[in-house]
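Chemist: With these hints in hand, go ahead and build the complete structure from the sequences.
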Amino acid sequence: MADIAFDDTRLPARSRSYRAGAAAELLAGWVLSGPAVALMWLMLLGPAAAVIVLSFTDWTFGARSIEWIGVDNYVELAGDRVFWTSLANTLIYVAFVVPVSVFLGLGMALLIESGNSLRGFYRAAIFLPVTSTLLAMALVFQFAFHPTVGVINRTLMAVGIPTTDWLKNPDAALFALGMIGIWQAVGLNMVLFLAGLKAVPRDLYEAAAIDGADGAWERFRRVTWPMLGPALVFVVTITAIRSFQVFDTVAVLTEGGPNKATTVLLYQMYQEGFSFLRSAYAAALTCVFLGFVLLLTWIQVQLLDKRTHYG
Amino acid sequence: MASVEISKVAKTFGETAVLRSVSLSIEKGEFLTLVGPSGCGKTTLLRIIAGLETQDSGAVKIAGIPVDHLPPKRRDVAMVFQNYALYPYMTVAENMALPLVMRRFSALQRLPLLGRLLPGTTPIRAGIDAEVGQVARSLAIDHLLSRRPAQLSGGQRQRVALGRAMVRNPQIFLMDEPLSNLDAKLRVQTRTEIAELHRRLGATFVYVTHDQVEAMTMSSRVAVMLEGDLHQVAPPQEIYDAPADLAVAGFIGTPKINLLPAQVRGDGAFAVLDRVWPLPQVEALAGGYTLGVRPEAWTPLRAGGRVALCAMGGIVRHIELLGSETLVHFAVEGLQQPLVARVDPMVGATLRLADAVTFGVSPERVHVFDAQGRRVPRRDALEFREAAVG
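Taken in order, these protein sequences are the chains called A and B. Going by our numbering, the residue at position 106 of the first sequence is 186; the numbering climbs one at a time, nothing skipped. Going by our numbering, the residue at position 385 of the second sequence is 412; the numbering climbs one at a time, nothing skipped.
I should point out that these hints are in silico values taken from the structure, not numbers from a laboratory. Backbone N, C-alpha and C define an ideal beta-carbon position, used for all residues, glycine too. Mixed in with the good hints, there may be bad ones.
[Said to hold, decoys possible] Quick look at which bits of chain B chain A covers, simulated, 3 or more residues with Cβ under 8 angstroms:
1. 88-100
2. 336-348
[Stated by the list, open to error] Here are a few chain B residues that face chain A, going by a calculated C-beta distance under 8 angstroms:
3. Ala77
4. Leu79
5. Ala105
6. Met106
7. Phe108
8. Ala112
9. Tyr114
10. Tyr116
11. Leu213
12. Arg214
13. Gln216
Modeler: Given below as structure tokens:
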């Protein structure tokens, strides 16, 4: 607003009144956008800033005193074995859940799109986990993963595959939680890919058929995959962020165990902040967590965006 | 270069019959234009030739070989789509190279990354690049090879689409309204270029358009399609001069042909409104007919001047100045629509609204259609009868 008004002052005539008008316009701009700006700081940026500030103090929840201790929390973090374990666990979880759920979602979208029968049913069925409460569904999974009566081990036993106590075995527990994460993520990914597939112009497939790219693989490689680029960037980013935030299954099913095998960043944060009431330390963890999410998202977008064509 | 033989092809979408038993033979090296209003089935017919659509019945032969069971890539046809259908994520060079990549490389050699390492890939790749470059130069788009379609203008995209069709040297070029997305000026220019391309390549072109100017200017033969039927297949001038039926006469020609109801009297002359037109070129039985007069066939008659055998008088209702010509709309008593005459602007300048005018037409320029709308052939020849289809 101000820029436009400023340009107008170069006009010789009536420049003074234009100037007064510009000031009024600027004021009106601030007044009108004021509530939104204030709310944004109060609700979104403020809390984040508070967490960052808090992470440089020694505050514990309910304490009367608060002291500025600089980077001490971060130094402690660097020497905290639990932190490194939970960071590693989180990264492993993300590295497992993201590719599997993205490709499963893509596969299901392709299958649904290529067929004609029961499309609506498949879409709804696969999307169902997205709408269900993970906390409630965790009950079902607890039962399903039960070492003796659980349906998973029963099935494996019937086929003759060795079984384990999935949630109690340190080598398998994170994997089991990842399966639940995938189960929940696939539905949304599928829906997003379906939307992406709908946006691929038909005549590109026809041009490809005439050019000789008419097999399933060539159609996918020459047309579908590149045209899904924008959807893929979005799906990978959103799945990664959601996987980073894995918490409820850990809290309900394993409580970070056995032997810290499933402690993830958010769970450690929860324990430090709400069980041990070390609020400042939890704030430092949060900052690291936020930093990681931002960094990984940025890297992904950079990597994928370059190769992506946006219609 | 190859011929295309279409026999009794029919296609129905749901309840709608899009094509009703269409037969058409397209000769080697011919530029055949399928023209008709939108929804007449011309694009469907083109897509059936390409193999993108399967006909319900009938057969298509290319170069004498039935192709009904063959996928598009095995028919050796190239197609230029209405909105070009360029791959937006590939460069111009990659777009143009794809048909060659798909044909010359084996499935293994086409694998990403690994394919490059296989023996024999490099020389094939070099050959493809050379051919793409050559075609790009001939279309004057070689400076655009590294760009993506989004960075090109409409005309440039159109050339890339042509280039992608040309690199393969296909037997048949199929074009689906390739000029409809260009602006008027570019369309005129590209019209000429496509006609030149046809002469240069000598390949068979099948061109679909709803624009009769494109059909008239580029084709060796025009096939007029209306509501799923081929009405007439003939060289452009013949379509214009001897339309096979009322529908073709009404579709081809701007402004539209003037139509007059007529009755044949006992002596063989035609009664048109209150006048009598002797039309010796046709032999007509008594009954109702429709006469067609092209706007340029009218000549203004002056009072006391030459007396025409066939004349029509009326009142000037509207005058359209087009620069090179003037269109005079004159209302005739007994007709709902005014008739249109195309006259020299010098003549047009002498006319004013509400003037009484009389226009004459020489009998041989009057088209006679019977009650079914079919052209009544001239007495002197079985004119163009073999060309009329349907």
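Chemist: So, against the hints stated earlier in the document, which numbers end up violated here?
Modeler: Of the numbered hints given earlier, those the structure breaks are 2, 11, 12, 13, listed in rising order.
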